[in-house]
Amino acid sequence: MAFGTTSRRGKEIPRGTGWFASFVLIALILVTGSSQAQEVRCGCEFNESGTESDLLTGEALNGEIWAFGTEGVAGKSLDGGLTWEFDNFGSLDWSSSDSGYGSIAIASSNGTVAILENIGEGGDDIGQDIPSIPNGVGINAIALTSASSIVTVGDNGEIWQYLQGSWVNRSIGVEEDLFSISFLDSENGLISGEGGIILATTDGGISWDYRDSPAETSESRIVGIDYFSTVRAYAITDEGHILKSSREGTVPVGFVWNIVEIEREYPPGGGDEFEPGGNTLDFEVTSVELLSQFKMILTGPNGYLALSKDGGNIVSQQMVPVSNVTVFNAVVMQDAFRGVVIGDSGLVIRTENAGEEEFVGFEVTDFNDFGQFVDYSKERLMDGLVATVKIVLFGIAMGFTIGVILSMLKTSPTSLKNVAQMNRFQILSMVVIPFWVVSQLIIGTIMRLKNPIDRPMSVLREKSAHIAASRPVNVFAIRLVGLALLVLGYLQITGTFEEVRSLNLDGWEHIYVPVGAPRAFASILLGIGLLILGVIFASCNGDFSIKEFDVGSTGKKLSLNPWGLRPLNALATVYTDFFRNTPLIVQFMFIHFGLELGRRVQEPGLDLFDFEYLKDNANFLTNIIVTYETDLSSPAYGHPIGGVLEDRAYISAIFALGLNSGAYQCETIRGAIAAIPSGQMEAGRSIGLNYMQTMKLVIMPQAVRICIPPLGNEMVNLVLNSSLAMVIGYAEITRQGKLIIATTFQIFWTWGMVMISYFVITWTLALILRYLEDKTRIPGLGISGGA
Amino acid sequence: MSDSILSVESMEKTYVGGVHAVRGVSFEVHEGESLAIIGSSGSGKSTVLRCINRLIEPTKGIVRLKGEQINTPAANINDVRSRIGMVFQSFELFAHLRVMDNVTLGLRHVRRMGKEEATEVARQVLERVDMLDRVDAYPGNLSGGQKQRVAIARALAMKPEVMLFDEPTSALDPELIGSVLETIRGLAEEGMTMVVVTHEIGFARDVADRVLYMDEGLVAEEGPSSIIDNPKTSRMKEFLSSINE
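Which chain is which? The protein sequence lines are A and B, in order.
Quick note on the numbering used here: the first sequence kicks off at 1183 and runs consecutively.
Quick note on the numbering used here: the second sequence kicks off at 669 and runs consecutively.
Any given hint could turn out to be false.
Said to hold, decoys possible - No farther apart than 35 angstroms at their CA atoms in a straight line, the calculated lysine-lysine pairs in the DSBU-like style are these:
1. A:K1645 to B:K827
2. A:K1599 to B:K783
3. A:K1878 to B:K783
4. A:K1632 to B:K783
5. B:K734 to A:K1632
6. B:K827 to A:K1878
7. B:K827 to A:K1599
8. A:K1645 to A:K1738
9. B:K827 to A:K1632
10. A:K1957 to B:K783
11. A:K1645 to B:K734
12. A:K1599 to B:K734
13. A:K1739 to B:K728
14. A:K1645 to B:K728
15. B:K827 to A:K1738
16. A:K1645 to B:K783
17. A:K1729 to B:K728
18. B:K734 to A:K1878
19. B:K728 to A:K1878
Unchecked claim - Chain B residues, not near chain A, derived (Cβ > 12 angstroms throughout):
20. A689
21. S708
22. I730
23. V755
24. E784
25. T787
26. Q792
27. D841
28. P842
29. H867
30. R873
31. S893
32. K905
33. L908
The set of hints was computed from the structure by calculation and includes no laboratory data.
Note that CB positions come from ideal geometry on N, CA and C, so glycine has one too.
Model the full structure from these sequences, guided by the hints.
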């Protein structure tokens, strides 16, 4: 049987045809594939092989690639699979092969074996005339252990060795079918079969011993095994398990097998991300080809072609979608990158980058190239941008709310006199008001029904008016309250000095008492406040006017106006003084690390919005607070993946920014309120609006318009201040910038890009505010209004 | 004369800092009567007016509206104020609201009217002051006289029992005064009870049923509008002559 020398029947194929053929093939797959097959992505190049026969096995040796198939078809390519010449080599179906020692051994399933010698040296020929295995023993796989020595495996545990011209039965009484054989060198080999069988030899195939395969695959058909090196061997089952064996200490490869945990690509079928899950591929596989210690190509009958670069952990499909039209039978690699995959109907596809769809590899990115640098850093910057915008939006909302409330408190005319003159119905209505506000929001605004608390409120109002009319201010009751306050104040203070003393502070060190004994300090402060109130209340004689005293004989007068104290104003002042007189960066750290505000909000928050409840009841409002992973297959199942409560640093950052900005916005809004002529309040009151109504309907709408420019400043400041959130580990833009520099060392570019990112945010904000200012401008209001 | 609508009894007001602006003023205003308060600057006219609807809290004295004392904590001050219309020297229209919303604000939030009802009432009073064609204008786009007429409409809309005018023409250019005075005169002729603090002596003489001359926080002279032509006290003579110069 002459081959090679005689056959030049294979057509010479011009190069461009390859592209045309691949186009046709893709088109074919598109037409005949499943309806979801919108596109086929593959890193390989489809080649015209010149045969229509199914190609079952192939070998690459000494620069030549050989493929063998049904009815004796055999072909070779001298140019890496681009062009092929085919001939018939007998009429048997060549289903298995092995190469090495300058030879290729091929076998058919009925037990016929042939050896091609002198591969790559020209003048190819059949080397040896090899008889069939006696008794019609079949062959599932074949391995060359030397130039003239062959080991075959077949069904029912048959192991035969061809040695020095004759077949020797090496079966060891195994009854299971054996599917695959692989030799590392002439001595060490592995066999795999059904029922999880793995056999090993260390003497060139003369004697075989059992090896333990993992319990999970004890019933599986191990259809492929590859003894790659002295430290690594891989095997696969047709269910898609990948087994790995490594040398462990002095124990050689083959003794210990582990199932590889597979990370799945996400989204399934061609995604770019990977997540752990399970230990089988979802596809039937029939062969594994190792390209390096960790790199392997897997093929299956249903068009499955996949690559793993990390020993099977991440297996990414290289032909997407998987089409059951294409049947891959074998991978024939010349080296770790170049080779072909062959299959039914003469399918040959060629790769020069190990079949990868995209060239990823272990390329070292050149960060001196601005394009590559941007490519690397843009995602981080975008993440940072989103993170910044998130805290800024919540911070602005919180700051503005606090600012409005504080400015209302600061400008509130409620004085101690008003407080003292309150009767019991007014006090009661203070208790009811919060409920009224809430129910007004829900029932009145959303459901548009009459608020049921309206009635009790008006009753209280009537009663309080009645009692105020029928009785003068009850001085006795005020004094009683004063005495009670004195007692309360005393109780607050008593005992706390002992605690302060136990801190062992000297002299000026006492300014640190608020930190050393916060509870005691708060008690003392509260106690002093209560005592002052108590003294004022207890000394009430029904006259709330200003008291004037002569100071000695100087003729000067000291005027006291205790009843003019404004408690709400005092509260707001304490707040703003605190936040405006400490640095923001310290507030960030104090709030996050000191108070652990983030943790304190997050933990009870997650208890309140717990997963078991939200699993079925989540809506867009609860999603703002917390979003849980509900995908059962995700390892993050049941954990928060979004919303305010997801991240402690996020919560702390919002609070720090909001609380701080609130103090400044308060002053801004207060200034705007002060800028509204007092006549506006008088006019509002004169038509019968009460104080809050006038504030809401007359003063605030004008004040807010006036304070848009300074408030805009404040908000831009808030954006810029958000960069300080990096000190608590929140991954906003500045922190991302630092991280980018840590990797790339490109300081100028990074900080420049960070600045641009900030500019984009603040400038957008400024534009919005400018638009808002323009939009809300009222003729005649303020200087900027211009009639 | 019919019932007293508004009565003030020995009202006193001491400002913080000790300025004794009003030192015991008493007067009554009857149904349909218009009272003009005149006097030089600092004589306490405006203070008296503001004490009536308690924009300033009087230190002493009693203010009664239809016989009911209104300067006690018991009185519902917002209700009282909604029954007393007030027109300010500097108009004090709500700058951020259009004319129509200026007028309907009190109707909707104090009288709790629906939008359509309030608009209907507002149209009536705006027609009354001849401002119906400017309902969509902002106060900033109106002339002083127009502003003041809208302010009058705003007070009128509440259907007040008595109207207080606090120097309604002092901030106006001379040529704009006429229309405002004309409007007030119309109101007086229709029988609106009103108290007008004014420097327009001629207007006081023509429109007011009675005139009150205040000097240094006290009522120096009181009587029908004819006393303007025949002042009894030397202070009032001096005042009138200084105005006529």
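Next on the checklist: Of the numbered hints stated earlier in the document, which are not met by this structure?
Outcome noted: Per hint list: 2, 8, 15, 23 violated.
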